[in-house]
Amino acid sequence: MASISGMLATTTIAVSKPRPWRPSPPSLGGAGGNGGLVVECSSRPKKKATAHHMKTRPKKTQPWDVRRKGPTIYPPLPPLPPDWTLVTDDQPLPQPPQDAGGLSPAPSAS
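Heads up, the sequence shown is in the UniProt record's numbering, so the first residue is 1 and it goes up one at a time.
Hints listed in this document are in silico derivations from the structure and should not be mistaken for laboratory results. Treat the hints loosely; a few may be bogus.
[What the hints assert, rightly or not] With a straight-line cut-off of 27 Å between C-alpha atoms, the simulated DSSO-like cross-links for lysine-lysine are: (1) 60 / 47; (2) 48 / 60; (3) 69 / 55.
[What the hints assert, rightly or not] Per label pair, the in silico range of CB-to-CB distance: (4) 52 / 73: 28 to 36 Å; (5) 98 / 73: 27 to 35 Å; (6) 73 / 43: 29 to 37 Å; (7) 86 / 51: 49 to 57 Å; (8) 48 / 72: 50 to 58 Å; (9) 51 / 81: 47 to 55 Å; (10) 91 / 57: 52 to 60 Å; (11) 51 / 72: 29 to 37 Å.
Where a beta carbon is used, it is the ideal one built from N, C-alpha and C, also for glycine.
Generate coordinates for the entire structure from the input sequences, incorporating the hints supplied.
Shown next as structure tokens:
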């Protein structure tokens with residue numbers, strides 16, 4: 001099976017009486033006025049998404065912004081308590097940790 005560009009680029013020759021040769025005016029197309037078809041790409045190709053975003057992204061132009069450091073690095077968080085605690089008959093229920101700040105709930109007056 002022939003490719004599409006191969007089919008488009010083929011030329012057909014019509015037999016007619018010969019004419020004297022005259023230079024053709026310049027054309028903007030890629031064929032050049034010589035009768036053959038030429039497959040061309042776009043004259044203004046569009047950028048792909050990443051290339052466009054890299055070209056149009058905001059640039060750091062202010063001196064204070066150029067010298068700015070990266071994000072703040074914080075110390076790692078302590079490990080989280082387990083989600084589940086297995087309790088057997090041999091072990092008593094684990095007590096929740098007591099706050100040292102004295103922020104226990106006040107008894108309700110009912």
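Here's how the hints hold up against the structure:
no. : hint                : result
1   : 60 / 47             : holds, 23 Å
2   : 48 / 60             : holds, 23 Å
3   : 69 / 55             : holds, 23 Å
4   : 52 / 73: 28 to 36 Å : holds, 32 Å
5   : 98 / 73: 27 to 35 Å : holds, 32 Å
6   : 73 / 43: 29 to 37 Å : violated, 49 Å
7   : 86 / 51: 49 to 57 Å : holds, 56 Å
8   : 48 / 72: 50 to 58 Å : violated, 34 Å
9   : 51 / 81: 47 to 55 Å : holds, 48 Å
10  : 91 / 57: 52 to 60 Å : holds, 59 Å
11  : 51 / 72: 29 to 37 Å : holds, 32 Å
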